[in-house]
Amino acid sequence: MKIVVCIKQVPATNEAKIDPLTKRIVREGLKAVMNPFDAYAVEEAIRLKEKCGAEVIVISMGPEKAQRCLREAVSLGADRAVLLSDRAFGGSDTWATSYVLSKAIEKIGQVDLVICGKQAVDGDTAQVGPGIAAHLDFAQATFVMKVEKVDRRHIRVQRMRENGYDVCDIKLPAVITVVKDINMPRVPTLKGRLASDEIDIPIWRPEDIKADIEKIGLDGSPTRVVKTQPPKARSRKTIRIEGSPQECAKQLAQRLREEDSISGANI
Amino acid sequence: MRITNLNEKLQYEDVWVVAEMLLDKIHPVTYELLGAARALADYGASRVGVIVLCSKEPENPTDLFAFGADKVIIVTNPQLKGFLDETEAEIIIRLIEKYKPEIVLGAASSRGRALIPRIAVKANCGLTADCTELGIDFESGDLLQTRPAFGGNIMAIIRSPNHRPQMATVRPGVMKSITPDYSRKGEIIYEKAKLNNQAAFKRIIESITKEENAVNLTQAQIIIAGGRGVKGAEGFDLLRELAAKTGGAVGASRAAVDSGWIPYEHQIGQTGQTVQTGTYIACGISGQIQHLVGMQSSALIIAIDKNPDTPMMQMADIAVVGDLFEIIPALVREI
Ligand SMILES: Cc1cc2nc3c(=O)[nH]c(=O)nc-3n(C[C@H](O)[C@H](O)[C@H](O)COP(=O)(O)OP(=O)(O)OC[C@H]3O[C@@H](n4cnc5c(N)ncnc54)[C@H](O)[C@@H]3O)c2cc1C
Ligand SMILES: Nc1ncnc2c1ncn2[C@@H]1O[C@H](COP(=O)(O)O)[C@@H](O)[C@H]1O
Chain A
95 MKIVVCIKQV
105 PATNEAKIDP
115 LTKRIVREGL
125 KAVMNPFDAY
135 AVEEAIRLKE
145 KCGAEVIVIS
155 MGPEKAQRCL
165 REAVSLGADR
175 AVLLSDRAFG
185 GSDTWATSYV
195 LSKAIEKIGQ
205 VDLVICGKQA
215 VDGDTAQVGP
225 GIAAHLDFAQ
235 ATFVMKVEKV
245 DRRHIRVQRM
255 RENGYDVCDI
265 KLPAVITVVK
275 DINMPRVPTL
285 KGRLASDEID
295 IPIWRPEDIK
305 ADIEKIGLDG
315 SPTRVVKTQP
325 PKARSRKTIR
335 IEGSPQECAK
345 QLAQRLREED
355 SISGANI
Chain B
482 MRITNLNEKL
492 QYEDVWVVAE
502 MLLDKIHPVT
512 YELLGAARAL
522 ADYGASRVGV
532 IVLCSKEPEN
542 PTDLFAFGAD
552 KVIIVTNPQL
562 KGFLDETEAE
572 IIIRLIEKYK
582 PEIVLGAASS
592 RGRALIPRIA
602 VKANCGLTAD
612 CTELGIDFES
622 GDLLQTRPAF
632 GGNIMAIIRS
642 PNHRPQMATV
652 RPGVMKSITP
662 DYSRKGEIIY
672 EKAKLNNQAA
682 FKRIIESITK
692 EENAVNLTQA
702 QIIIAGGRGV
712 KGAEGFDLLR
722 ELAAKTGGAV
732 GASRAAVDSG
742 WIPYEHQIGQ
752 TGQTVQTGTY
762 IACGISGQIQ
772 HLVGMQSSAL
782 IIAIDKNPDT
792 PMMQMADIAV
802 VGDLFEIIPA
812 LVREI
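One line per chain: the protein sequences are A and B, in this order.
Using the numbering used here, the first residue of the first sequence is number 95, and each one after it goes up by one.
Using the numbering used here, the first residue of the second sequence is number 482, and each one after it goes up by one.
Pulled out of the complex, with its shape left as it was, chain B reads as follows:
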């Protein structure tokens, strides 16, 4: 809501994390968000709360205490099995009105990116997407949110001075969780979900889960990506082998996806996913701008290409000149 005076502002206190739930299990990104929330709360001497929405009691909610939470607010309702954006938004808005958190963090996952903006608009507060850094402004006490725009070409620092709570989403893999301390204790609060006619908005008919995507791109620490140079679906088997050896995920350029060698979920770039991984190995990807904007924020970029002069080979930290069909099998043997 819009804040008109300091007294109103001071009523908002805690730092909240909206837990990322996957079939009633707490997704690991929740612990990363908790790490960020803990640091913010320590700075402002406030507490960390976690909101858990689920269809049945989650396993080990007390783990959340070990990872930095002071309180866990659990809402269970059989209807909360699949992801019902509208319903979850209504529940969380009611909780925000009741408890008045100062900051609310959510995951910039497909779910968070649907849910959190709906909450922010209805709760009348600002929201900054995909933050890479969060801090507190020394003078005002406001949250300082740093986010990349234009595919990582510019960093914007954003503040929301006159609205509370201040909301932000963070991509998986960007924040660090704290070392868990299983002796930490906290409070569990159960809240009821009053579901008016919410469920009428949406009915989930079925949920298809693809095993192949079990390691997802936004979370992988290493991505092996292939382009037109991979030449076909069999080429991607080679990349999968390397991914399996390194614990990584397989990505692709649009040219490879459009050729039907690998499904769209793997596409990285302007019209695919944006990733910020530890190590990005581009195999036979020339590195057109639309691809680069989706991966250039990765910490270490390695390119394997026959042509030493492609944009990707120029931007890479390590550029390997050669035939990927010879280098990758050799690399698989070396690791």
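So here's chain A without its partners, still in its complex pose:
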């Protein structure tokens, strides 16, 4: 079995501070890390490899420094890594990104399963996974919370819904996207770390994956960001309520009524 895991490098939110005026997170100067959901994707791939034998290839599209995330995945047990990096890829939206990743998956060849994170925490779109499936005409299952079993032709997964989950058999090749609930990622071993230091990570450019230049980058992307702006600030001053529990509850209940918060009450 051949499994490809798609990893995105995103800004780390861990050390982010809140701007006291706008009450929003300050984004500047954040470190780059592996998208948290992708760690679960990597872990699931390695578990499948341990259970039924597989080759795990991790890929990422991004700047050269995105190598770091790929090495991290190798230290955890991925066999190979490929970086898709080129000026021409820059500015790709989810359509173009999923196109580039799908072309890389085609080049890798004979891929049975593609695993993506549920969503990337910077863009928050959750569109790239199903996008890859569409480009390749693979079956798909999103928000997977459990892989029940895999055979040569199918994978049985539990896919999360708002009010429960579906158990489905998906024909391979397929793309799945995973949620945090699916597993508990391991930490790298010393041996893994050494392997990841030594591994050679090839960089693929558009011509290497036979990407149509008209479908990549800013020009190949159907969507354009016209402008970005800060959201409306939470400019309300914080009202502090203190006192005895009864007093606090009374004041809070009154506020809730004023704000019309409990109009939906089912009492």
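Hints were generated in silico from the structure; no laboratory data involved.
Please read all numbers here as calculations on a predicted model, not as lab measurements.
Even glycine gets a Cβ: it sits at the ideal position worked out from N, Cα and C.
It cannot be assumed that every hint is accurate.
[To be verified] Reference listing, derived: stretches of chain B covered by chain A, where coverage requires no fewer than 3 residues with Cβ under 8 Å from a Cβ of chain A:
| # | stretch |
| --- | --- |
| 1 | 603-614 |
| 2 | 638-649 |
| 3 | 792-798 |
[As the list claims (entries may be wrong)] Below, simulated SDA-like cross-link-like pairs (lysine to any residue); rule was C-alpha separation at most 20 Å, straight line:
| # | chain 1 | residue 1 | chain 2 | residue 2 |
| --- | --- | --- | --- | --- |
| 4 | A | 331 | B | 789 |
| 5 | A | 240 | B | 563 |
| 6 | A | 326 | B | 616 |
| 7 | A | 125 | B | 770 |
| 8 | A | 159 | A | 216 |
| 9 | A | 321 | B | 636 |
[Stated by the list, open to error] If you only want the chain A side, here are some residues facing chain B, beta carbon under 7 Å, derived:
| # | residue |
| --- | --- |
| 10 | 219 |
| 11 | 255 |
| 12 | 263 |
| 13 | 317 |
| 14 | 318 |
| 15 | 325 |
Starting from the known structure of chain A, fit chain B with the ligands onto it as the hints suggest.
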């Protein structure tokens, strides 16, 4: 598809809504999407269509007219009972090719977030996820789509000038439905589903529905969320009581979920769900950044915490200082 000249662009006209179906019933978010679609169509003097895919004829499809639709396209097929992403995408792509809508809106639900991107890629058009505002650009007539990125820290305005249709998803609870007018009339069109070998992609073995989640987080107008300060599963019973009294849903921080006090479906934040609710009551949640990004766009934020200096207490509109085990029962009595 990619548009190369104005004539091609003008062939695309209507504003469509992909109905959110839940076991052959029309989900309420569909009416919210219809409200948004109606406003866009009125602006551009075009019509609103709704696509309904179901295994058997839905009840009251004419309600859709009351909520703003001009036409309803219904595709019924026994295979469309559960959610088959691949099959539904193929059907809708064929309908898009046939009718050429200018705009297609879908719900940013777990189903919509799987289905709509598959359609957008195959129909070769742009898609903007989780829009909070939709409008029409006065000059170009293009759809202007506003969406939060980075957990709501930045708003991006997005346009798709050279591709049609223009597609967007919207979270439940973000758009408003119009006041229904049951005298409004429209046209129902039945289309056949030609299912080639589509069903071979996926077979749904069973669908488990959890009652507890009947009020789901993305739709609730009020969320009572608990963190490590709730101290255990019994603490969440307290929050459930308050939720029941206020008609709300129960959310949780990752610390509470990881401790096994409440299932993952309730987790809010970077690795859980993002919510944008009317009132968010954080009980014993310190408000680490990964939690804040999942709820900071809520209209009113209330924090209850012993410690007055947590990030959550600083960001809150109303910060109640005290022991949640005393305040919440008192609050339940007050409401
Ligand atoms: C990659 C990554 C992803 C993450 N994703 C998420 C996510 O999606 N969602 C999420 O929530 N977290 C997430 N986290 C974890 C996050 O960093 C915090 O650890 C977590 O949110 C803390 O949860 P908490 O506020 O419940 O616990 P704590 O930080 O321990 O806060 C508990 C609070 O309860 C108060 N308290 C205690 N007893 C009482 C009482 N009797 N009455 C009143 N108040 C009381 C305390 O004063 C304290 O403020 C993530 C972390 C990482 C690294
Ligand atoms: N540039 C990228 N390189 C590799 N994988 C990506 C990239 N962008 C997105 N992905 C994958 O797609 C998932 C969803 O991302 P998104 O659609 O951007 O929210 C991520 O969790 C990754 O698995």
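Next item on the list: Would you pick out the hints that fail for this structure and give their numbers low to high?
Entry: Structure breaks no hint.
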